[in-house]
Each structure stands twice: as C-alpha cells, then as structure tokens.
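Engineer: Listed below, chain by chain, are the residues.
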Amino acid sequence: MTEPTLLSGRGLNLNFGAIPALADVDVDLWPGEMLAIVGESGSGKTTLLNVLSGRVAPDRGIVRYRDPAGQLHDVHAMPAPALRTLHRSDWGFVHQDPRQNLRMSVSAGGNVGERLMARGARHYGDIRGAALDWLAQVEIDAGRIDDLPRTFSGGMLQRLQIARTLVTHPRLVFMDEPTGGLDVSVQARLLDLIRSLVARLRIAVVLVTHDIGVARLLAHRIAVMQRGRIVETGLTDQVLDDPRHPYTQLLVSSVLNT
Amino acid sequence: MKGYNFAYLDEQTKRMIRRALLKAVAIPGHQVPFGSREMPLPYGWGTGGIQVTASVLGPRDVLKVIDQGADDTTNAVSIRRFFALTAGVATTTATAEATVIQTRHRIPEKQLREDQIIVYQVPQPEPLFRLESSRVETKRMHGLADYGLMHVKLYEDVARFGQISISYDYPVMVNERYLMSPSPIPAFDNPKMDMMPALQLFGAGREKRIYAIPPWTRVRSLDFDDHPFRTINAPYPCGLCGAADSYLDEVVTDDRGGRLFVCSDTDHCAERRAAGHVGTDGFQEAAE
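Top to bottom, those sequences are chains A and B.
Terminal number for the first sequence in the working numbering: 258, no gaps in between.
Terminal number for the second sequence in the working numbering: 1288, no gaps in between.
If we strip away everything but chain A, and leave its shape as in the complex, we get:
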C-alpha cells in the first residue's frame, strides 16, 4: 500500500461499565477499499463503527481522517459543525433499518435531494435531476420519485437509503448490516448494487456484518472481532480460506456446515 490511509484508528478503548466494548483496537482503511468487520452479536462491531464515524467518543485512542487536501483530522477533536459537514458531504452512513435514515413523510425525491440542499444546492431543476439520476442508479422507477417511502418495499427502502447517502459522492461510507432483515433474493440484488456502485465511484467502505457470505462477496479486507478485540485481520480470501484464530475457524466452519 503506497497510498496514505484514509481513516485510521489507534489504540481504541471503550468500556460500557465493566464490559469492554472495545479493547486496544487498531484499524486502517485505504481509499477505495472495503473493509468488513465481522463477529457475533455483542462483539463490538457496531460500537467500533460508531467510534470510527465520530458518533461515539472512545475512552482512549484516536481516530484520524485524511481530507481530500491531505490534511489529517482527529475525528473526536473536531468541532461539531465540521464533523456535521463531514457527515453530510464527504461521509455517509447506511443503517440496517432504512427508516432511521430516511424521512418517511417526505417523498423519495426529497429524501435523495436533502443532502444536496443541506450542502447549499438551491436550484430545483438540478436537485430534481440529481434525484432522478440516483433513483435510476439504484434501480428505482423514475415514476416513484414523488411517492412516500412508506409505500416502498424493504429492498426499495434500502436502495433509496443508498441513493440518499451516495448523492453527494462521499469518499467514505459506513454501513451497518445493510442487508440485514431482507430476504435472500433481495439481498443478492442489493449486494450486487453496492458492489458495482462502490467500485465505480471508488468509495471506501467500513461494513459491519455478521454474515460471512456478505463479507466474502463485498470486502477486500476483513477484521474479525470477539469481545471487543480484533482477533484476526487480513485479506478476505486469505482469512476465510485459511483462518488462524480459533474463533475465526469456528465462524467460518459454522457457515460452511450449513
């Protein structure tokens, strides 16, 4: 890797009372790379995602982000307005439940256009055009642009959330179980969509999932978490084909046996 890292966490520690949610976690992410964080429920995956994205402050440790100008920022020392600006332009967050992110009382087009308007877009025609373009990219029929999200199916909602997030062309997207709660055929289609969009736009992604299959399909690198620690990390194929840590072996074998 000759390029400098886009995002790096060093020595991250966070305790919830007596429970160590994160223990000495180091993470690196390079531009355009997709990193999967896998592990069972309660292993600290989502906590790590929240700490990396600046939403939750760690007890100890530092998260650094390199902006397009090459400047390094300590994410947790950033002033709130700067972090918010980052979150609505350079970064994106895709939730497991799209209802957390979407505005259910606002039309699909309005949902996609919100980040543009928050960034200062003031030309209705342009915003409308961008919304139509992005609905097409996530395979939602243009005729649905003025429909409310509550008339959409689960898979459509998730695709709408992705359009809403990617409309500002972020460099880094955090995804928390983006395919959770969807049936298998819809999952496959969504994974395909995420993979092609991310590759085409060269977006770096931190993906949290408990599904080894999703990680294998999407991620370049994988980090396996257990009780707040990263127990194994490496290239996805390497880790999954030749797991070294007993816990990773257990994870992989439990998937292959089903």
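It should be emphasised that the hints constitute simulated quantities derived from the structure, not laboratory data.
Cβ atoms here follow ideal geometry from the backbone N, Cα and C, with glycine treated the same way.
It cannot be assumed that every hint is accurate.
[Claimed, not checked] Calculated lysine to aspartate or glutamate pairs in the DMTMM-like style (CA-CA distance at most 25 angstroms, straight line): (1) B:Lys-1139 / A:Asp-90; (2) B:Lys-1153 / A:Asp-90; (3) B:Lys-1153 / A:Asp-237; (4) B:Lys-1153 / A:Asp-133; (5) B:Lys-1208 / B:Glu-1038; (6) B:Lys-1192 / B:Asp-1071; (7) B:Lys-1014 / B:Glu-1176; (8) B:Lys-1153 / A:Asp-141; (9) B:Lys-1153 / A:Asp-126.
[Stated by the list, open to error] Computed footprint of chain B on chain A; a stretch qualifies when at least three of its residues, placed anywhere within it, have a C-beta under 8 angstroms from a C-beta of chain B: (10) 79-89; (11) 94-107; (12) 125-138.
[Claimed, not checked] Quick list of simulated restraints, FRET-style, between CB atoms: (13) B:Ala-1026 / A:Ala-69: 53 to 63 angstroms; (14) B:Glu-1137 / A:Pro-68: 40 to 50 angstroms; (15) A:Ala-199 / B:Glu-1137: 32 to 42 angstroms; (16) B:Ser-1134 / A:Phe-16: 18 to 28 angstroms.
Starting from the structure of chain A, add chain B where the hints point.
Structural biologist: For chain B alone, coordinates are given in the frame of chain A:
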C-alpha cells in the same frame, strides 16, 4: 391605572423581558427563552406580544394594536383598552402617529419609520417544528445553521404543486444566519421586513421565546433559484378605496355568491377614502 403597576407587569418581570429583548436584538433572528408570565388573556390571544409591549412601553408612547390588519376587531380593541387602562398611554389607529404597534397576522401597509417599534404576536416561534419534532435537534440545527430540511419542505411543495405553496408564516433567513418564523403574517408582507427602518420584536407567550430583527437588517424569504419567492394577493383592487397594491380580505356579502375584496389594513383604507379615493363598491355604500 390605580391598583396596577405601570403597564400591568411588575418591574422585575419587565427587566427580565428587556434583558431577553437586548439579547434578541444582538443576535438577529435567534430565539431567546424568557420567563413568560400568566397574563389576563388566554394563550393564543397575544400573551407574548402583550408582555413585550408592556416591557418597551413608556408613558409618552402612543400605542396602536391591529389584528389581521384591523384596529376594530375584538383582540385589537381589548389589548388597546388593556394598555390604556393599566399604563394610561395614548392610543391611536393611525399608523403614522403610533410609536409602538402591536400586531397579529399583518404588517401595516404604510412604511414604518426608525422611531417606531412593531411587536408581533407569535404562536409558534420554531420555523422547523412541523419538520423536526425534537426541540433538541432543531436547536442544534440553528446552532450549526443546518437548514437543508427547510428546503426539503420547499422541494416537496414544488414537486407536488408546481410552486411553493406557503401562503403565510413563510420562513425567512435573517441577516443570512438564522432561519426565522415571521409569525403568521401573509407571505405578501415578507418583503416589508427586509431592511425595515423600525425595530421588529417577536413574542411567543406559550412557547416562552422572544426574538427580534434590528432596524435595517437583511431579511430574505427562502426560495429556489428557478422558483423564486413571490407574493400572492387577490387579483382585484380594494372595493372601498380602489387600492391595487394593498393586501385584501375577501368578505362574503350575501348567500348568492356576492363577495367584496377590501383592504385588510383598515387604517390604510380609511386614510385613502378620506383622501378621496373610491373603489367600485365604495360608491354604492355612499349612495345608500
């Protein structure tokens, strides 16, 4: 005025409100919390405006009170009598003679001057409240000047109706910093707020908020570049005075579809009629 402190409120309360007013003037468009008192009229009748008026009123002030532009409606009459009784100040219906004007739902047609104060009664000070239910979140949005959500509402209007359909309480940007509710005045009156020579004070009694626009401050109505802000008014001249440029009320005159469009600003209309202007329905009235 026997039995009452000057202008009803006690001096400590007035000082507290004046401190809030000073802060509000210093940060144009920013909502300042204040300890709103129980007033001898119900919420929604102007408890916020009346407290602000009580705090800025001096013995030599001349007070005008309007409700929907009219000086002779219940709300206007009772608030005017309230201050005549408790403060003993002179009252007037003529916009030019007043030093303090308390208003509900209108700005007078006559251009206000630097030596005048206009006090608005505000039911809901938070312009984002229909869009974001959490007050914690709206405060954060104001703090960070994060107003994309308001434009989402405008976007929805254009997508659904082909135009921005807000006809009153049209959101404005004050001094290019704070998003502000202008209180339920018609969008027709929004341009009057921009660079107004008079001091504009806003009081919301139930919501316990005060905000202000200092004289000569930029007030911009939100819009899109390709759907610019425009005012809406009935396409008729006033039936009584013939004015073509004032905001009109529609009055139903019979049960056979008869209607009359008249100036909502009664003082403006009366002044024009006194100067000899007559509308199409004005003649009939004079002939009867």
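Engineer: If a hint holds in the structure, say so; if it does not, say that too.
Structural biologist: Here is what the structure says about each hint:
Under the criterion of a C-alpha separation no larger than 25 angstroms, the hint pairing Lys-1139 (chain B) with Asp-90 (chain A) is consistent with the structure, at around 24 angstroms. For the given pair, Lys-1153 (chain B) sits about 24 angstroms from Asp-90 (chain A) by alpha-carbon distance, which is consistent with the 25 angstroms threshold. Taking the CA atoms of Lys-1153 (chain B) and Asp-237 (chain A), the gap is near 47 angstroms; set against the 25 angstroms cutoff, the hint is violated. Using a Cα cut-off of 25 angstroms, the hinted pair Lys-1153 (chain B) and Asp-133 (chain A) holds, with the two alpha carbons roughly 21 angstroms apart.
Taking the CA atoms of Lys-1208 (chain B) and Glu-1038 (chain B), the gap is near 11 angstroms; set against the 25 angstroms cutoff, the hint holds. A C-alpha spacing of about 20 angstroms is found between Lys-1192 (chain B) and Asp-1071 (chain B), which places the hinted pair at or below 25 angstroms, so the restraint holds. Straight-line distance between C-alpha atoms of Lys-1014 (chain B) and Glu-1176 (chain B) comes to about 30 angstroms, which puts the hinted pair past the 25 angstroms bound. A distance of roughly 23 angstroms separates the Cα atoms of Lys-1153 (chain B) and Asp-141 (chain A); the hinted pair therefore holds under the 25 angstroms criterion.
Taking the CA atoms of Lys-1153 (chain B) and Asp-126 (chain A), the gap is about 16 angstroms. The hint holds against a cut of 25 angstroms. Residues of the region 79-89 of chain A with a Cβ under 8 angstroms from some Cβ of chain B number 4, which satisfies the need for three, so the listed coverage holds. Beta-carbon proximity to chain B at under 8 angstroms applies to 3 residues in the region 94-107 of chain A; the threshold of 3 is reached and the given coverage holds. Counting residues of the region 125-138 of chain A whose CB lies closer than 8 angstroms to any CB of chain B gives 3, which reaches the minimum of 3, so the coverage claim holds.
The hinted range of 53 to 63 angstroms is not satisfied by Ala-1026 (chain B) and Ala-69 (chain A), whose Cβ atoms lie roughly 36 angstroms apart. Distance hint check: the CB atoms of Glu-1137 (chain B) and Pro-68 (chain A) are about 29 angstroms apart, inconsistent with the given range 40 to 50 angstroms. Remark: the range hint 32 to 42 angstroms for Ala-199 (chain A) to Glu-1137 (chain B) is upheld by a beta-carbon distance near 35 angstroms. For Ser-1134 (chain B) and Phe-16 (chain A), the hinted distance range of 18 to 28 angstroms is satisfied, since their beta carbons lie about 25 angstroms from each other.
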